[in-house]
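Mind the numbering: the sequence shown is residues 1 to 513 in my numbering, read in order.
These are calculated hints, taken from the structure and not from any lab test. All C-beta atoms in this analysis are idealised placements derived from N, C-alpha and C, irrespective of residue type, glycine included. Take these hints with a grain of salt, some might be off.
Simulated crosslink set (SDA-like; lysine to any residue; CA at most 25 Å straight-line) [claimed, not checked]: (1) Lys336 x Lys276; (2) Lys414 x His448; (3) Lys419 x Arg397; (4) Lys414 x Phe349; (5) Lys404 x Lys358; (6) Lys443 x Lys358; (7) Lys419 x His394; (8) Lys276 x Thr195; (9) Lys414 x Glu298; (10) Lys23 x Leu489; (11) Lys443 x Thr401; (12) Lys358 x Asp427; (13) Lys404 x Pro386; (14) Lys358 x Ile377; (15) Lys404 x Gly382; (16) Lys336 x Ser313; (17) Lys336 x Gly405; (18) Lys460 x Glu433; (19) Lys336 x Asn390; (20) Lys460 x Trp302; (21) Lys414 x Phe372; (22) Lys477 x Pro386; (23) Lys358 x Asn373; (24) Lys267 x Thr238; (25) Lys276 x Phe349; (26) Lys58 x Glu204; (27) Lys276 x Thr295.
Restraint ranges, calculated between C-beta atoms of paired labels, are given here [stated by the list, open to error]: (28) Ser283 x Asp194: 28 to 34 Å; (29) Arg287 x Asn226: 19 to 25 Å; (30) Asp62 x Asp281: 48 to 54 Å; (31) Ser283 x Glu413: 38 to 44 Å.
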Amino acid sequence: MVTELPSELWLVISGYLSDEEIKPLAAVNRVFFNISLDIRYREITIGDMDSATVRLLKRLQDPATASRVHRLNIVGHVRSERASNDFPSGVSAFRGRVAVAMQALQHSLLSPLPMAISHRPVGPVRISPEDATALLVTVLPLLHRLECFMIDFWHCPSGFYIHPVLSNSWPSFGSHLTTLFLTGHLSTLETVIDTQPSLPNLLELIIQLTDPFLLTVDDNVATLNNYVVPFINSLAPTLRTFMVWSWASLDLSSVFVQLRQFPHLTKFRLRTAFNKSFVSDPSGLSRFIRAHSQTLEELQLWVTCSGAMLDTSVDQPLSRWLHDLANDTPSFPALKDLHIHPSRQVLGFDAFLSMVSKSDILENLIIRDVYFNEEQIRSLLGVLAPDAPNVTLHSLRLNTTSFKGGLFEAMAEKLPELKSLSMHIGDLSTEQETIEQMLQGRKLAHWHLYNVGLWRSGGKVDEDSMRAVQRCIPSVKSFWGMGHTNFELKEEPALRQRVRRSVEIENHNFANI
1 MVTELPSELW LVISGYLSDE EIKPLAAVNR VFFNISLDIR YREITIGDMD
51 SATVRLLKRL QDPATASRVH RLNIVGHVRS ERASNDFPSG VSAFRGRVAV
101 AMQALQHSLL SPLPMAISHR PVGPVRISPE DATALLVTVL PLLHRLECFM
151 IDFWHCPSGF YIHPVLSNSW PSFGSHLTTL FLTGHLSTLE TVIDTQPSLP
201 NLLELIIQLT DPFLLTVDDN VATLNNYVVP FINSLAPTLR TFMVWSWASL
251 DLSSVFVQLR QFPHLTKFRL RTAFNKSFVS DPSGLSRFIR AHSQTLEELQ
301 LWVTCSGAML DTSVDQPLSR WLHDLANDTP SFPALKDLHI HPSRQVLGFD
351 AFLSMVSKSD ILENLIIRDV YFNEEQIRSL LGVLAPDAPN VTLHSLRLNT
401 TSFKGGLFEA MAEKLPELKS LSMHIGDLST EQETIEQMLQ GRKLAHWHLY
451 NVGLWRSGGK VDEDSMRAVQ RCIPSVKSFW GMGHTNFELK EEPALRQRVR
501 RSVEIENHNF ANI
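From just these sequences and the hints, can you work out the full model?
In structure tokens form, the structure reads like this:
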């Protein structure tokens with residue numbers, strides 16, 4: 001009776017189950033079997049060429065298995081955890097081996113790392129870099145359904161040769177990639193770009209840079225100008241998301257000066273130290289943001305200044321740049337998500353308010369690192385809702401030097417449709433009243449706030465304080481984004497998996513069942 005249900009119905013049922021709940025159901029029917037395989041091979045990571053990696057690659061030599069891979073991570077080094085297979089002696093040992101044998105038989109097709117029946121530990125497979133390279137050159141071109149590719153090299157891997165591996169793989173899956181994540185120092189970035197990837201349909205480019213390894217300043221400039229800039233510009237026609245995070249002491253000024261227009265760009269994310277990455281000329285960055293201000297839906301400017309926490313005057317160049325950017329940009333008509341560090345200077349705060357005032361449809365606002373006093377928060381609320389309550393902002397994250405109960409009332413008045421509020425409080429020790437005392441007698445029954453999270457000194461505030469918030473705002477049903485207010489539970493990990501699978505079901509190919 002159960003097996004006669006239509007495949008479509010089983011797919012709908014699977015949408016209510018997490019990955020961990022799906023895996024034991026692989027033997028129920030072909031639908032759950034296929035979904036289990038999809039879960040197992042959806043994302044794979046290739047690091048050290050050890051026995052586990054070799055077995056995984058050999059399993060992927062089967063085109064049917066390889067076609068299930070949608071995300072590939074190649075990392076310069078990965079630490080693998082091995083479970084112990086040691087059993088006690090006698091009857092217990094025999095039963096243990098039988099149990100392992102039965103599990104291996106049942107799950108042999110569901111795991112690329114078959115369980116060892118023997119209690120003796122499996123030794124490492126000694127494979128030469130040449131053989132490892134040949135194996136990768138054979139396997140990677142079979143990943144023709146690959147959508148997301150991450151190359152994470154803080155150093156070039158010693159287990160195989162990356163250049164021939166990538167050169168032979170791009171023609172197979174390059175045209176299908178929508179996301180490329182490159183992280184490492186410039187020399188490895190140059191190596192990847194030198195393999196001449198063809199990515200005609202790439203939508204998202206993420207670059208993370210760390211300090212260069214054995215490179216001079218001249219080498220850095222040459223690599224940026226001759227490799228990085230042409231590569232990024234070649235992707236400009238299709239990119240919708242462009243993200244640069246730099247932890248390196250690299251001047252990126254010349255990169256942004258040379259960047260072309262991205263006609264479809266909707267998301268730009270930048271995280272770096274302004275006094276390291278834009279030493280010579282920040283005008284290119286300004287022009288890039290202004291050139292895309294009409295289409296940007298998400299703008300992340302997590303741009304700080306190294307040393308500003310000890311000396312706030314270090315922030316002055318950043319605050320002047322923000323001020324000029326805000327003054328010279330007429331508006332951000334499409335901006336829904338603003339994530340910003342407004343500097344610790346008054347000029348930077350004024351520039352931040354100006355940018356907010358030019359963004360009429362903001363839905364999510366995140367302020368990083370800087371702590372506002374009550375007057376500044378009220379100024380922000382006045383800009384968000386100058387004439388009438390703001391009904392577009394749904395999420396707000398900010399930092400405040402101290403907590404005042406009246407802030408909730410001001411937010412409820414100005415931001416009635418706010419659904420999520422996160423506040424990092426600088427210091428409660430100087431307050432004469434606790435949060436409970438400040439909220440006592442206050443009732444905001446008309447506010448629709450669903451989630452609230454309060455932090456103090458790097459940690460969450462106590463339960464009594466959060467219960468006081470919940471009594472003040474009865475609509476709150478979630479603390480710290482967990483989806484509930486139970487202090488004994490953590491966020492349900494299956495929630496995101498269920499949401500993801502509901503999307504997968506919409507695009508599922510029923511012919512594969």
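Against the structure, the hints come out as follows:
1. Only pairs whose Cα atoms come within 25 Å are accepted, and Lys336 paired with Lys276 is rejected, the gap being roughly 29 Å.
2. Using a Cα cut-off of 25 Å, the hinted pair Lys414 and His448 holds, with the two alpha carbons roughly 12 Å apart.
3. Proximity of Lys419 to Arg397 is assessed by CA-CA distance (about 11 Å); at most 25 Å being required, the pair is judged to hold.
4. Straight-line distance between C-alpha atoms of Lys414 and Phe349 comes to about 20 Å, which keeps the hinted pair within the 25 Å bound.
5. Of the pairs offered as hints, the one joining Lys404 and Lys358 is violated, with about 28 Å between alpha carbons and a cut-off of 25 Å exceeded.
6. About 33 Å separates the Cα atoms of Lys443 and Lys358, which puts this hinted pair outside 25 Å; it is violated.
7. For a cut-off of 25 Å, the pair hint linking Lys419 to His394 stands: about 5 Å separates their Cα positions.
8. This hinted pair does not check out: Lys276 and Thr195 have alpha carbons roughly 29 Å apart, beyond 25 Å.
9. As the CA atoms of Lys414 and Glu298 are separated by approximately 23 Å, the hinted pair is consistent with the 25 Å bound.
10. Proposed proximity of Lys23 and Leu489 is supported: the alpha carbons are some 24 Å apart, at most 25 Å.
11. About 24 Å separates the Cα atoms of Lys443 and Thr401, which keeps this hinted pair within 25 Å; it holds.
12. Annotation: proposed proximity of Lys358 to Asp427 is violated, straight-line Cα distance about 32 Å (limit 25 Å).
13. With a C-alpha separation of about 22 Å, the suggested pair Lys404 and Pro386 falls inside the 25 Å cut-off, and the hint holds.
14. This hinted pair checks out: Lys358 and Ile377 have alpha carbons roughly 18 Å apart, not beyond 25 Å.
15. The hinted pair formed by Lys404 and Gly382 meets the criterion: a straight-line CA distance of about 17 Å does not exceed 25 Å.
16. At most 25 Å may separate the alpha-carbon atoms for a hinted pair to count; Lys336 and Ser313 exceed this at roughly 31 Å.
17. Between Lys336 and Gly405 the alpha-carbon distance is near 28 Å, which puts this suggested pair outside the 25 Å criterion.
18. For the suggested pair Lys460 and Glu433, the alpha carbons sit about 18 Å apart, so the restraint of at most 25 Å is met.
19. A C-alpha spacing of about 13 Å is found between Lys336 and Asn390, which places the hinted pair at or below 25 Å, so the restraint holds.
20. Distance restraint check for Lys460 and Trp302: the Cα-Cα separation of roughly 23 Å lies within the 25 Å cut-off, and the hinted pair is therefore satisfied.
21. For the hint linking Lys414 to Phe372, the alpha-carbon distance of about 18 Å falls within 25 Å, and the restraint holds.
22. At most 25 Å may separate the alpha-carbon atoms for a hinted pair to count; Lys477 and Pro386 exceed this at roughly 29 Å.
23. With a C-alpha separation of about 23 Å, the suggested pairing of Lys358 with Asn373 holds against the 25 Å cut-off.
24. A C-alpha spacing of about 13 Å is found between Lys267 and Thr238, which places the hinted pair at or below 25 Å, so the restraint holds.
25. Distance hint between Lys276 and Phe349 is fulfilled; the C-alpha atoms sit about 22 Å from each other, no more than 25 Å.
26. Straight-line distance between C-alpha atoms of Lys58 and Glu204 comes to about 30 Å, which puts the hinted pair past the 25 Å bound.
27. For a cut-off of 25 Å, the pair hint linking Lys276 to Thr295 is broken: about 28 Å separates their Cα positions.
28. Checked against the hint of 28 to 34 Å, the pair Ser283 and Asp194 passes, with Cβ atoms roughly 30 Å apart.
29. Taking 19 to 25 Å as the suggested C-beta distance range, the pair Arg287 and Asn226 conforms, at roughly 22 Å.
30. Under the hint 48 to 54 Å, the C-beta atoms of Asp62 and Asp281, about 53 Å apart, fit the expected range.
31. Between Ser283 and Glu413 the beta carbon distance is about 41 Å. The supplied range of 38 to 44 Å therefore holds.
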